[in-house]
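Colleague: With chain A held as given, fit chain B onto it using these hints.
There are 2 protein chains.
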Amino acid sequence: MGKMIGKQSISFENPPYIMEGASVVGPKEGEGPLGKLFDVVEQDSMMGQDSWEQAESLFQKEAVQKVLLKAKINKEEIRYIFAGDLLGQLIGTTFGIMEYEIPLFGIYGACSTMGEALSLAAIMVEAGNAEKVIAMTSSHFASAERQFRFPLEYGKQRPYSATWTVTGSGAVIIGKEKGFAKITGITTGKIVDYGVKDAQNMGACMAPAAAEVLCSHFQDFQCFPSDYDKIITGDLGLVGKTILFELLSQKGYDISKVHMDCGVEMFDASAQDTHAGGSGCACAATVLCGYVLKQLKKKAWKRILFIPTGALLSTISFNEGNAVPGIAHCVRIECC
Amino acid sequence: MGKMIGKQSISFENPPYIMEGASVVGPKEGEGPLGKLFDVVEQDSMMGQDSWEQAESLFQKEAVQKVLLKAKINKEEIRYIFAGDLLGQLIGTTFGIMEYEIPLFGIYGACSTMGEALSLAAIMVEAGNAEKVIAMTSSHFASAERQFRFPLEYGKQRPYSATWTVTGSGAVIIGKEKGFAKITGITTGKIVDYGVKDAQNMGACMAPAAAEVLCSHFQDFQCFPSDYDKIITGDLGLVGKTILFELLSQKGYDISKVHMDCGVEMFDASAQDTHAGGSGCACAATVLCGYVLKQLKKKAWKRILFIPTGALLSTISFNEGNAVPGIAHCVRIECC
Numbered sequence: 002m003g004k005m006i007g008k009q010s011i012s013f014e015n016p017p018y019i020m021e022g023a024s025v026v027g028p029k030e031g032e033g034p035l036g037k038l039f040d041v042v043e044q045d046s047m048m049g050q051d052s053w054e055q056a057e058s059l060f061q062k063e064a065v066q067k068v069l070l071k072a073k074i075n076k077e078e079i080r081y082i083f084a085g086d087l088l089g090q091l092i093g094t095t096f097g098i099m100e101y102e103i104p105l106f107g108i109y110g111a112c113s114t115m116g117e118a119l120s121l122a123a124i125m126v127e128a129g130n131a132e133k134v135i136a137m138t139s140s141h142f143a144s145a146e147r148q149f150r151f152p153l154e155y156g157k158q159r160p161y162s163a164t165w166t167v168t169g170s171g172a173v174i175i176g177k178e179k180g181f182a183k184i185t186g187i188t189t190g191k192i193v194d195y196g197v198k199d200a201q202n203m204g205a206c207m208a209p210a211a212a213e214v215l216c217s218h219f220q221d222f223q224c225f226p227s228d229y230d231k232i233i234t235g236d237l238g239l240v241g242k243t244i245l246f247e248l249l250s251q252k253g254y255d256i257s258k259v260h261m262d263c264g265v266e267m268f269d270a271s272a273q274d275t276h277a278g279g280s281g282c283a284c285a286a287t288v289l290c291g292y293v294l295k296q297l298k299k300k301a302w303k304r305i306l307f308i309p310t311g312a313l314l315s316t317i318s319f320n321e322g323n324a325v326p327g328i329a330h331c332v333r334i335e336c337c
Numbered sequence: 002m003g004k005m006i007g008k009q010s011i012s013f014e015n016p017p018y019i020m021e022g023a024s025v026v027g028p029k030e031g032e033g034p035l036g037k038l039f040d041v042v043e044q045d046s047m048m049g050q051d052s053w054e055q056a057e058s059l060f061q062k063e064a065v066q067k068v069l070l071k072a073k074i075n076k077e078e079i080r081y082i083f084a085g086d087l088l089g090q091l092i093g094t095t096f097g098i099m100e101y102e103i104p105l106f107g108i109y110g111a112c113s114t115m116g117e118a119l120s121l122a123a124i125m126v127e128a129g130n131a132e133k134v135i136a137m138t139s140s141h142f143a144s145a146e147r148q149f150r151f152p153l154e155y156g157k158q159r160p161y162s163a164t165w166t167v168t169g170s171g172a173v174i175i176g177k178e179k180g181f182a183k184i185t186g187i188t189t190g191k192i193v194d195y196g197v198k199d200a201q202n203m204g205a206c207m208a209p210a211a212a213e214v215l216c217s218h219f220q221d222f223q224c225f226p227s228d229y230d231k232i233i234t235g236d237l238g239l240v241g242k243t244i245l246f247e248l249l250s251q252k253g254y255d256i257s258k259v260h261m262d263c264g265v266e267m268f269d270a271s272a273q274d275t276h277a278g279g280s281g282c283a284c285a286a287t288v289l290c291g292y293v294l295k296q297l298k299k300k301a302w303k304r305i306l307f308i309p310t311g312a313l314l315s316t317i318s319f320n321e322g323n324a325v326p327g328i329a330h331c332v333r334i335e336c337c
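So the protein sequences, as listed, match chains A and B. Counting in the working numbering, the first sequence runs without a single skipped number right up to 337 at its last residue. Counting in the working numbering, the second sequence runs without a single skipped number right up to 337 at its last residue.
Simulated from the structure, these hints should not be mistaken for laboratory data. Misleading hints may appear alongside valid ones.
For chains that are exact copies, the list does not tell them apart, and a pair is met inside one copy or across any two.
With a cut-off of at most 35 Å between alpha-carbon atoms, the simulated DSBU-like pairs for lysine-lysine come out as follows [said to hold, decoys possible]:
id, residue 1, residue 2
1, Lys73, Lys4
2, Lys183, Lys8
3, Lys4, Lys71
4, Lys73, Lys252
5, Lys177, Lys62
6, Lys303, Lys231
7, Lys295, Lys8
8, Lys76, Lys231
9, Lys76, Lys198
10, Lys252, Lys76
11, Lys8, Lys177
12, Lys183, Lys76
13, Lys179, Lys8
14, Lys8, Lys71
15, Lys295, Lys179
16, Lys73, Lys295
17, Lys8, Lys73
18, Lys62, Lys252
19, Lys4, Lys298
With the rest of the complex left out, here is chain A (with noise of 0.2 Å):
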């Protein structure tokens, strides 16, 4: 059973267990620092469809199949999922896990989404609800960049404070088999809205959430950042890092020794022209699936902080000058 701490966590007495992850990326991802590590590189980010839409769909598609295929399991065995996407209605989602008719809890958080799919899939497996869920979400550049900002084919300028939608998607499996690491607590985020009005700087957006929610994790577990040997966030990227530091020692935490960004990891940026790095629900999620249940499996690391940040972005809210509020949602995994 569950166990509430403090104000907004839960530490799970039976921990449910990560039994697989699989991530499927685009050809730029591929060619990424991590590249080697995602276990498909798709070398079509239009995955042979006529829009951007279907492609985000066939992405997800494809890491549900590579999900089962590494954990040698049936679709039926699989009772929930937990899914969400950047699009409008979620519509990455519906088309892309249609076809498997699995029962579906669709869920949205922005680029935090990740986070959250993993904590209801925990809760889910370990009240005993199920033995087995996916958790899994999906973005694209191209879909991104005409669902929020500009259309392509506009060729509109980035600034240095942007980042770059990465196309791709990642499914773990949680249940409740033993498998190489396990969700031991939650830290569920609140919306913050810090006033920022810069749809080109998602970074600053997020910080502020992120920030929020650790500190939360920090006092609801009473514990600290050396307890961690990677405090992994989602997609800050450059700029929304530094002020994220920055915010969490005005609190009297440091966690620079031991922080990690996926959206810093996952591109180049000088060679790459990518700018404050790499962003969208499947920044964090790839990076967790390619590079950091990789690094439990081999008890490189041993216990991890995995903190997913989104930004409340949309254009009919911010054509009418309404700010961007982030949200951020902590996952405690450790290996087992």
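Modeller: Below, chain B alone, put in the same frame as chain A:
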């Protein structure tokens, strides 16, 4: 602890309670047949705001305020909110509940969202992870028309199969403390696509998903329509209801004697020019809070099945030639 039942259901051994519910609606809903039953009827559907989206957020804000007042509890006692709406990136929710500073699980299931919210809230409370949580949704006629169809200024004629999106918000507090009703089980739906491509006929898109999840529910719980005092679908409307009856009769189930559709109840179709009925996330949510829960409170109904139904419509996927798949989630509620 929850107990897995059949293929896609959970039976709660220690059912979480519905402690309170609150409904806030717009003027048109207030003039409908259920008008007197809602807690608040706002006379201005703009809520004094500059945009429809901002107005929708205020409906959410007010619903939370109202349910807390009715339950006589402070916002600090609410550990989590499960909330969502129809707008891209859930901006109705983001700007509606931000000020409450309550950890959020953002969810999306189109108009089935209240079913998903209640399901996850019930799992959370039953597993001992929270004392009290809120499950809620909102929708707004004008923000939904802009999001999914045509801006109101365009003045497009609406076909008779079209439904009218309900303006309002419904919020429920689920908790461990005894309330007047309890959630005894859930059946979580899959995405079902019958290839319907008419964005003005949501009932036809959703009915197959409702039929699928209802059949699964009857099989998983080994029960029959006659075991319920009411089987309440979300917003199938007059067209979708007919299709649902037909699909269920092919499987040997007749729910006609106990069926009620929130969309059909919400408006007086001939007097209010609403065509096939009400729809939107708020349709099922406000009818649940305004009407259904009151029937349970006075024990007029002892056991009901609540099935909000969602059409996974998005203008992007729709304009790219995709169909509109549906999803629906069953929640079994019994009076105490």
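Colleague: Hint by hint, note whether the structure agrees.
Modeller: To see whether the hints hold, each was checked on the structure:
1. Lys73 with Lys4: both (32 Å within a copy, 26 Å between copies)
2. Lys183 with Lys8: Result: close both inside a copy and across copies, 22 Å intra and 25 Å inter.
3. Lys4 with Lys71: both (32 Å within a copy, 28 Å between copies)
4. Lys73 with Lys252: between (46 Å within a copy, 34 Å between copies)
5. Lys177 with Lys62: Classified as within: same-chain Cα gap 24 Å, cross-chain 38 Å, threshold 35 Å.
6. Lys303 with Lys231: Classified as within; 9 Å inside a copy, 52 Å across copies.
7. Lys295 with Lys8: both (32 Å within a copy, 32 Å between copies)
8. Lys76 with Lys231: Close inside one copy (32 Å) and across copies (34 Å); limit 35 Å.
9. Lys76 with Lys198: So Lys76 and Lys198 pass the 35 Å test across copies only (28 Å; inside, 43 Å).
10. Lys252 with Lys76: between (46 Å within a copy, 25 Å between copies)
11. Lys8 with Lys177: Both: 27 Å inside a chain and 17 Å across chains, each within 35 Å.
12. Lys183 with Lys76: both (22 Å within a copy, 32 Å between copies)
13. Lys179 with Lys8: Close inside one copy (29 Å) and across copies (22 Å); limit 35 Å.
14. Lys8 with Lys71: between (37 Å within a copy, 23 Å between copies)
15. Lys295 with Lys179: within (16 Å within a copy, 46 Å between copies)
16. Lys73 with Lys295: within (18 Å within a copy, 49 Å between copies)
17. Lys8 with Lys73: Result: close only across copies, 20 Å inter versus 39 Å intra.
18. Lys62 with Lys252: between (42 Å within a copy, 30 Å between copies)
19. Lys4 with Lys298: both (26 Å within a copy, 31 Å between copies)
The structure meets every hint from the earlier list without exception.
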